[in-house]
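Asker: Could you build the full structure based on these sequences and the hints that come with them?
There are 2 protein chains.
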Amino acid sequence: MYTAESIEQLVEEFSSLPGIGRKSAHRLAMHILKLPKPDVVKIAEALVNVKERINYCNICWNFTEENPCRICSNHNRNRSLICVVEDPNDVIAIEKTHEYKGLYHVLGDALSPLDGIGPEDLKIKELLHRIEGSVQEIILAMNASIEGEATTIYLSRLLKPLGMKITRLARGIPVGSDLEFTDEATLARALQSRTEV
Amino acid sequence: MYTAESIEQLVEEFSSLPGIGRKSAHRLAMHILKLPKPDVVKIAEALVNVKERINYCNICWNFTEENPCRICSNHNRNRSLICVVEDPNDVIAIEKTHEYKGLYHVLGDALSPLDGIGPEDLKIKELLHRIEGSVQEIILAMNASIEGEATTIYLSRLLKPLGMKITRLARGIPVGSDLEFTDEATLARALQSRTEV
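Those protein sequence lines, which keep their order, are chains W and A. All residue numbers for the first sequence refer to our numbering, where the first residue is -12 and numbers rise by one. All residue numbers for the second sequence refer to our numbering, where the first residue is -12 and numbers rise by one.
Be careful, since some hints might not be right.
[Claimed, not checked] A few chain W residues that face chain A, going by a derived Cβ cut-off under 7 Å, partial list only:
1) 33
2) 37
3) 38
None of these hints come from the bench; they were simulated from the model. Cβ atoms here follow ideal geometry from the backbone N, Cα and C, with glycine treated the same way.
Answerer: Structure follows, in C-alpha cells:
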C-alpha cells in the first residue's frame, strides 16, 4: 500500500503499541518523516535507554535506574509504613498526592485466576521477606476492581497473623463528583463508610 | 515526579508526538518497559531507518526509498495523467481506491497566505517543469478546505493556458451518509452538480 518499505515498517511498529490504531500510526509516521533527524534519533535513544537502564528495585520491585530505588534508599521516608500496590503506575499516582511518606511494595499485578495469575506470580514472597519488626502498618492500595479486591482479601488474611496493622484505601464518592452520577456500588460503600462531621 | 530519569525522558518524547497527551505517553512508556528488549530495538530502528532511507522523489515529490519513486518509474502507469495533491497522505488515500492509474505530483502543502505559505513554497515550479507534450489531463485533487480551494483556483488559472484538460474532484454527498446529516455547503454543491440517471 505504501510507496516505501521503511514507512510501512514504522507504521507497523506504531500500530503494535497500545491505543494506537492503524490511522494514528500512519499519522505518527508522517510526523516522524517531517521531524529533523536529530529529533528522531533522540526518540529512538530514549526508547533503547529505558530498556538498558531500567531495572526492578530489589526491595520494592518498582522500576528504577539505581538499586535500591530512590524511594527505598531515601532515609527521610517513614520505614515503618509499606504501601502495597499492583503496578509502578500506582506508585506514581500516590506520589503525586504528596500525602504519603512511607515505602512501597509493587506486586506487579493483581490475583486473577481466570488469567492464570496466582499468588506465586506476584511479589508476595518478597513482601513477606522484607517485613521485619520495624514495620508497623501495611496499606493495601489495590485497584477497586474484582482482581484488586481478591488480592486485598488474600493479602489481609496472609498478613494479619503477623501482628502489624493492615489498612486499605477508603472507598467513597470521588472528590468533585455529583451524587446523581455516582454508581450504586460506590454510593453504597460511601453510605456504609460514612464519617461523623 | 517519576522515580527514574530515563522513563521521564521517554514520556517527554512520546508527549511531543501529535495526538499523544501526557497520560497516553505515560501508558506507552510503561508498555515499552514491559516489552522484550529486541522488540524495543526494532521500534527504535524503524524510527531511524525511516529518516535515513526516505527521500523526496525528484519527479513527483512524494516520499520514496528509491529515486524516482515506484509510481514514477512504473511503466504500466498512464503517463498522460497527473494528479496534483497537497500531501503524501493524499497519494496513499487515492492509491487505496484502486481507481487511478496515472502519475502524481505532491505540492507539499496548500496555499495559505495567513500562514505565510505562497506559491513559491509549493512544488509548483517543479510541476510546470515536468509537464510536457504527452500530458493530456491534470487532476487537481486538493482538500475541500479554504486553502485547498485557493490552491485549485490558483493552479487552474496557471495551467489552463498550457492547453491540457484541467479537472477537479467531484464534490457531493459522501457514500453511505444521510441527507439529514449532510452540511448545507455539501448539499448545495451536490444539488448544483446533480447528474442525470
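Asker: Can you list which hints this structure breaks, lowest number first?
Answerer: none
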